[in-house]
Structure formats: C-alpha cells, structure tokens
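Engineer: Start from chain A and add chain B according to the hints.
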Amino acid sequence: MSLETNFAVPGEPALAIDARGIWKAFERTQALSGASFALRAGEIHALVGANGAGKSTFSRIVSGHLSADRGEIFMFGRPTRFGSAREAIQGGVTMVMQETSLAPDLSVLENIYLPELGAAGRLSWRNLTSRAESLLDQFGQRAHLPLRRPVRELSAGQLQMVEILKALALDAKVIIFDEPTASFSPNEVDRLFDIMRLLAQGGKALVFVSHRLEEIFEITDRITVFREGRTVASAAPAAEMRPAELVRLMVGREIADIYARGVDGRGEKSTGKPVIEVEHLACAPRVKDVSFTVNSGEILGLAGLIGAGRSECVEALFGLRRIERGTVRLSGSPFTARAPIEAVRAGIGFIPEDRRRQGLVQDFTVRENLLLAHLGQRRSLGLGYDERSASVARLLEELGLPQRILDEGILTLSGGMQQKVVLARWILMSPKLLILDEPTRGVDIATRSTIYAMIRRLARQGMAVLLVSSDFEEVIGLSDRIVVMSDGSDVTSIPSALVDVEKLAMFAAPRSSAEATRSILEMLVQRFGGIAYWISMDGDRLYCFDSVAVQNAPEIGFARGSFPEIVDVSIPKALRQRPDHFLLEPAGATLLVPLRGHRGHDLGYVGLTLANDNALPDAAAVRASILDGPTTPATSVAARRH
Amino acid sequence: MASEIKTGPQLRPSVLRRLLRGAQLELRMLLLLLLLAVALSLISPYFFTLSNILNLMDQSVITGIVAIGQTFVILIAGIDLSVGSLTGATGIILGLSLAELPLPIAILAAIVAGGLAGFVNGFIITKGRVAAFIVTLGMMSVGRSMAYVLSGANSISQLPDSLGDLASSTILGVPTNFAVLVVLYGVAWYYLTFTKGGRTIYAIGSNAEAARTAGLRVDFYSVLVYVISGALSAVAAVFLAARILSIDPIAATGLELDTIAAVVIGGASLFGGRGTIIGTFIGVVIMVLIRNGLNLLNVNPYWQGTAIGSIIVAAVLLERFLSAREGMHRGQGEEG
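Listed in order, the protein sequences are those of chains A and B.
At position 150 of the first sequence (counting the first as 1) the number is 150 in this note's numbering, and the numbers step up by one without a gap.
At position 284 of the second sequence (counting the first as 1) the number is 284 in this note's numbering, and the numbers step up by one without a gap.
Bound conformation, chain A alone (with noise of 0.2 Å):
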C-alpha cells in the first residue's frame, strides 16, 4: 500500500479519509503538486505548512468546495469524490471556517439546524431546542452559548462554536478546522481544545490546519507537512517531532541559503540615526503600549502572532489608523500621519498585509500600479509618468520583471510578481522609511530571494525598513534587530544572531502557554515571595520570557525580555548547576525547576529566588506547586496545602 499507511497497525479499520497525488492548479499556480493525506477516525491530525504551502486548497477540496485536478480520496475505504460542499456535508465531511458561513440574523438555534429549516414538513421547536441543548451539555458550552440570541451578536469564539454544533447536528464524521484560533481568546482556546478532545474521543476525525506550533504540539496528536504542493512528513507522531524540526519541514532547507547575507555579516553592520522613534504608541483595541527605534541602514523585524497588534501598530504608523496615545518622531521631529499621503510626502513607504485588499488597482495596468504612489504625493495636476520611465525601466531590470509587462493587466501576472510591483512602486519614492507588512505572503521561493536580496541592498544603501512578518524563520534571517510583539506591547528588542525560533516564539508568548506560566509565577511570589521567572538557557546566555517579583525582592540581574550572559547575572552558580535544593549566593537563595509541555516537550525553567534572610520553605513543595500545574488558582493550591 501507499506510503501513508505506515503506521497503520494491521488490522485496523479503514482511514477515515485517504487522499493520494492530489494535484491542483489555479491559473498561474500549482498550488498542490500531489499532495496526500491520511486521516484516522478518533485522532486529531495536525495539517502544517507555510503560507502558499496548499493546506487551505486541499481542505477545500477534500470538503467539496473545490475539486481536485487529478488524484484519488477515499473516505473509510470508498472512493469519494464530492462536486460540492453540500454533497460533502451530507457524506459526513464538515470545514469549519474563519469566516463563517452563518445567517447573522437568524438565531444559534436557528443557524445550528438551518439544514433542516429546507426539510418537508412542520418544524417543532421545542424538539430542535431539547436537541440542541442537549449537544451543549455534552460539550459543557450551555452556559457560554446562548441558543435565542442572534448570531450577529456573538463573539468570534462563539461564531466558531456554531459552526462545530451545525457540523455535529448533520452528524459529520471529519471535521476540518481551517486556522480555528486565529481570532480567539485564550480561554477560547482553552474551550475549543476541550471539545475537540471530547470529539476525537467519541470517534471523531480531526483535521487541524494551522501553523502555529505551540496549539499544534499541544491538541494534535499526528502532523502532516506540506511544501509547495507537497506532503514533506505524513502523520509523524507529534510526540516526537521537535518544533525546530516541523519549522525545518515547513520551510525546507533551501530557505537557508535565501537569507544568505553579504558581506557585512550580521550584527557587525553600522547603523546611522534614528529615522523613527516610537515611544509608548496605542491605538485601540490592539495596540496597548509599543516603543521601538528603527535608525537609518537597518531592518528592524516586528515579530508576534497574529493578533498581537504588528500589522495595526504600523498601520497607525503610516495613518491608516488613528494614534491615540504615545508619540511618534520621524527624523527626530513629532510626527503623526492622520492620512497616508502625509506619511508618504514625509517619506514612508509601506506595503501592505493584503496585497489583493489594500495593494493593487485591479482594473489597473502594471505601469499604473507601478506609478500610484507616485501619482498619489504629485502635486501638479498632469501624470508625470515619464518623468520616472528610465527608474521605471531600471527598477523592473533590478528585480527581474521584463519591460514588457508594463502595459499587461496587473491581474495577469503570479502572485510574486504583483508583489515585486507594490516593492517596486514604494522604491521608486525612495522613501527614508520603508513598512513591509507581511511582505513574503503567498510568495514563492525565488520570488522571496529577489525580494530578500533588493530589501537587503536598500538597508546597505540607507533606507531604515521595517518589517513585519508572522514568520519566524523570516524575521530571523533578515532583521538585524528583532522586537517581539505580545498583546499589544513591545517585550524585548533583541539582535537577531542571539535567537533562533523556538525562542522568539516563546517572546511572542503562545497565548495558552503563556498565561499558564505566568499564573504559576504569581502563584509562586503570592506564597514564597521573591522574584519568581521564566527562563530558557542556551549555552553561556539566558532568556527571560516573564518574570513577576515583590516589592524589595533580591536583584537577580534579569527581568522580562533581558536576555544577559550567565555570568553577568547576579546568580550564576544557580542557573550553571541547576540543584534541586535552594543554591544560596551572595544575591540571594534560587531554585529552578524545568518545565515540561503536554507531551514533554522543554519549555525552559521555573526559577524562584528569594532573599537570604528569609526562611527557606521546602524545595519539594515548590517544586510540586509549580508542576501541579497552571489550571489550579494560587489561592485554591494554598489550601489545599494546609
């Protein structure tokens, strides 16, 4: 049999769902290149890849919205082949999307059973309504979900909830879960991860597309990779998949080479001004408190999750969004754009997170999307478009579009090459500034190199560039300083050769992770006092990912966001030898203890150091406080205790 089943014990029943060589293409892209798949029923199946990796493209087609160009899929062992979503609902096939499908002014109830509203016959409410709180119970959401209310007025979380009871009331035995999260609050999360452990245990096939590692590692129980259309890794265990080796398989190793640098090397590059100085900038709802500094010849990255306000902090910046606190310098005088046009005459450029809602005229040629930034800060009232032609005709050379294009719709070129457009439209304004968003989205692999390289060469020549990406791997290898990103605040500013990205994405603070930790550290203070931290150590240098202390706790040397060597740190012997008793210094008395993930995965060290007067309590009984674990409250620990 095919290569998927490799770890299919004999025996076994048939795989819930079984793709093979599914190949697909839009226009101008291959997006799956025979890509395969294979899904147990009662397990939750991790579906990774980078952006433009074709995940998106086979869920939908293994849910019917779109129907692959060739290949085979099997639903428990029969050949399928669903020509539309609803025929894949009714064959027990089920996605769950971001955008929902809902009818926002039809009730919960009405929207979980909108199937059967079409059904013959007269409807009866108080069985649908016994019915579906029923489903409730089962998944303890009744008191989160309230069945009259109108859908319009729910939260994205709750949204999401509908759509998985509308799955569930049709019965679905597969469910795909399209980037469920991305929208959610922690402690919807937290919910959602219930209730899908509740389904995969009553047999429920699981498909969960994201690509955030830390969810991944925590809800999944296999991992499927795709590559440009490819299947890299089918249905690893993910209990022994290290997340350095999952980025690896997402991004591939060619990636490496992409980043390559000139010979200025990392770090060693001299850096000019400040070109512009952010200090303490809001904007509601997600931008609380950021303050970065990006000076002339360097990229500074913005790196974070989604959702932790990057894109709306640059946004603002460029006066797509209204500045309520905090002040912006530009060239050392105040500055606050209230439309872009001010931004760009002040000389910032920014390409956007959107190319297709915010980038490109599509009704436009190439040469006038080329040209409307240009257009845009004229003054005079005629075009000017031939004043620029010989930087037009020089700048299309540099990134390797031919000339030709220039008068071709700019919906007939691949995505990489509208993007090599938007790039080219803010070089030619030579701005002081430049805010790339996300700029590599749905790039393929040489455009991304062009892309690198021309960024790269406008640093060396002076331009301060901002960047913003959700990819790590990306941030890392072409920043030369990294300010991570966490709910709306800035938590470390960091030189890009001291992290890798496991460490940046324990900065970015994995949302259920990190309130986890963060409650064990006041859990920690509140009862033993001290400062109490979460650390990670890579060879001679140390991280600090949150730390919490009492007032006049002893000075350790770090706190949130430092990332010292061991040795200039007030307690070295401690951190070196990791004792599993209190180690006394001069600074004071420590214990640290490693902390593990769900499935033992290292997520660095709890430390507690406490000043050396005080008494010492029981290295045990912290060390059981802190793994009993983050779920139980401070206050409820301590009682239990007593």
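The hints are simulated quantities; they were obtained by calculation from the structure and are not laboratory data.
In this text, all values refer to a predicted model and were calculated from it rather than measured experimentally.
Be a bit skeptical, because a hint or two may be false.
[Said to hold, decoys possible] Label pairs and their computed distance ranges (CB to CB):
no.	chain 1	residue 1	chain 2	residue 2	range
1	B	108	A	453	52 to 62 Å
2	B	128	A	103	24 to 34 Å
3	A	497	B	190	52 to 62 Å
4	A	462	B	187	39 to 49 Å
[Claimed, not checked] Heads up, incomplete: computed chain A residues facing chain B, CB under 7 Å, no partners named:
no.	residue
5	358
6	359
7	372
8	373
C-beta: ideal position from N, C-alpha, C; glycine also.
Structural biologist: For chain B alone, kept in the frame of chain A given last:
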C-alpha cells in the same frame, strides 16, 4: 528570469493592440450605433434629413451633459439619483435670478447651487458613510420639492432672448449647444485619461483601499465627483431653459434614469473602476436614436419606457456575460 528582459523594438505594435483591446467595448457599441443608424435610415426616409440630424443633436444635449457627471460618479462605484430634480431646481433658480441679474451671473448662480447640492451629496456619502443610493434619493426628493417651493409651482416663462441664443445659434454650422456638449466631452475625456485626478477616480472605483494606502486623496475625489455631477445638472438646466425660454418645476423628471442608462449602455460597470467617457457619449446617442426611431416609426410613446428599460437590462446582461468570460482568464490568481 533576467533572460526574459526585452526592451524596445516590439513595443509599438503592442501599444496599438492595447488601445484596440482597451476600446473593445466602445468599438462594439459604436458598431451597434452604426447598425442602428443604417437600419433607421432604411426604414424611414426622413431619418437622414438635416432637420432630423439637428433634432438628434438637440436631443442629445441635456442627457449628454448630465451623463458626464453620472459617469464620474459611477466610475467611483457611486450613483447619483438627484440629477433630474437638481436640473429642475437649478433651472428654477436660473429663471428667478434672470429677473434681477445679468445672464452670465444668473448662469453662475445656478451652477454654484448645483455644485453645492452635489457637495452635500458627496460629503454625506463620503464622510458619513451612507450609501450613495440613499443620500441621492433623499436629494432627489429635496431638489424637486425646492423647485416647487421656489417657483410657487408655476413655470417661469418669457426668459430673455440672450439665453435663447444658446439653443438657436450655431458655430461653424454646428448648433452652439451641441458644440458645448462636444467640448465638455473632450475636457472630461482628457481629465479622466491624462490627469492625476482622473486616474485617481478610476483607482477609487477599482479599489478604494489600495488607492488610499498608496497615498491617493480618496475622500477629496469622492466628494468632487458629486460636485461635478451637481454642477453639470445646472449646466443642463441652462440649455433646457434656453430651448423654449421657459422652465417648469417638473422639468427633467426621470433624467437620472436616462443618464444612468446611457452610462451603463456605454459599458461602465456599476461596481466602479470601468467605463469611459467616450462609451457614455455613444450610450447617449444610442438612447437618442432609439427614441427618435420609435417616434419616426409612429410607435405609441407609452412603449418607449419598455424599449429603453429592456435595453438597459440587456446592456448590463451583456456586460456581465463579457466580464464573466474575461474573469475566467484573470480570476483566481493566488491561493490562500
């Protein structure tokens, strides 16, 4: 990739091809117009007489002028339902002003009034984010009501002869009003094709958010198109009053539908970003020809509405069909 780069030589023919491809829709409509003209001249010997040609020109003027403004508005994906009643109201303002002011000042007063009404439309639509349909529907009602209020529901007649010259005089054998129409179309064409403002209007209609992000002044031009539309309604009122030296508060009722029809027949998309001023001109002439033809054929005038209505829907259907076919070539693009 670098090997793909070619410069120079084969550029010229591609420009020509692009022009032809860009004007495909106009060429189709022009063909339709010519077919219509040939058919009418075969059916009615009277069609190709000088007096009928002059008549056709005269009938194009009012709809033609207002359709320019309507084109600007539709290009940014808006709509202006108030043009008919604004023509009526500004006509009354013109008539009342003429009693006390010299002709040029009175004309200016009417145009300023039309522009102001357009500004109110545009400002509420753009800054208040209310649908253009609703706001201009409101203005349509206000405008007609103002026409009645200001005139006391009576028509104003015996306007000065100097106004009548606009309708009766000729320049180089061409009626002055038609010459003005042609000049206005020339200016509008130049503006939309070769100036910053014109291209901004197209960009707004195609993708307002991208236009804003690139630093274009989206709000300013979104208001401006309604000002232009309102002001041109007043210009149309001047020529309407000049024709019979009298203006009635119910004048130009239904003009908004004729202009929208002309713009749509001319190939503009109601979703914005697509359409040309030349297309609109052809659309206006087609409308006038059809009306004229129905008259020449002695068709009951009550049937005209049915004919015009069917043609509008057919034109939109055609556009839908053609752009769907085009969409198969340009659609889909990337995947998420």
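Engineer: Against chain B, is residue 372 (chain A) within 7 Å by beta-carbon distance?
Structural biologist: holds (4 Å)
Engineer: Just tell me: holds or violated, for the beta carbon distance of residue 128 (chain B) and residue 103 (chain A) against 24 to 34 Å?
Structural biologist: Given about 28 Å between the Cβ atoms, the range holds.
Engineer: When the nearest CB of chain B is found for residue 373 (chain A), is that gap smaller than 7 Å?
Structural biologist: holds (5 Å)
Engineer: The hint says 52 to 62 Å between residue 108 (chain B) and residue 453 (chain A); measuring C-beta to C-beta, is that right?
Structural biologist: At 59 Å between Cβs, range holds.
Engineer: Is the shortest C-beta separation between residue 358 (chain A) and chain B less than 7 Å?
Structural biologist: Nearest chain B Cβ about 5 Å off; hint holds.
Engineer: Falls inside 52 to 62 Å, the C-beta gap from residue 497 (chain A) to residue 190 (chain B)?
Structural biologist: With Cβ atoms ~57 Å apart, the hint holds.
Engineer: Minimum Cβ distance from residue 359 (chain A) to chain B below 7 Å?
Structural biologist: OK, holds: residue 359 (chain A) within 7 Å of chain B, min 6 Å.
Engineer: Looking only at beta-carbon atoms, does the pair residue 462 (chain A), residue 187 (chain B) fall within the given range of 39 to 49 Å?
Structural biologist: Given a distance of about 45 Å, which is inside 39 to 49 Å, the answer is holds.
The earlier numbered hints are all upheld by this structure, with none contradicted.
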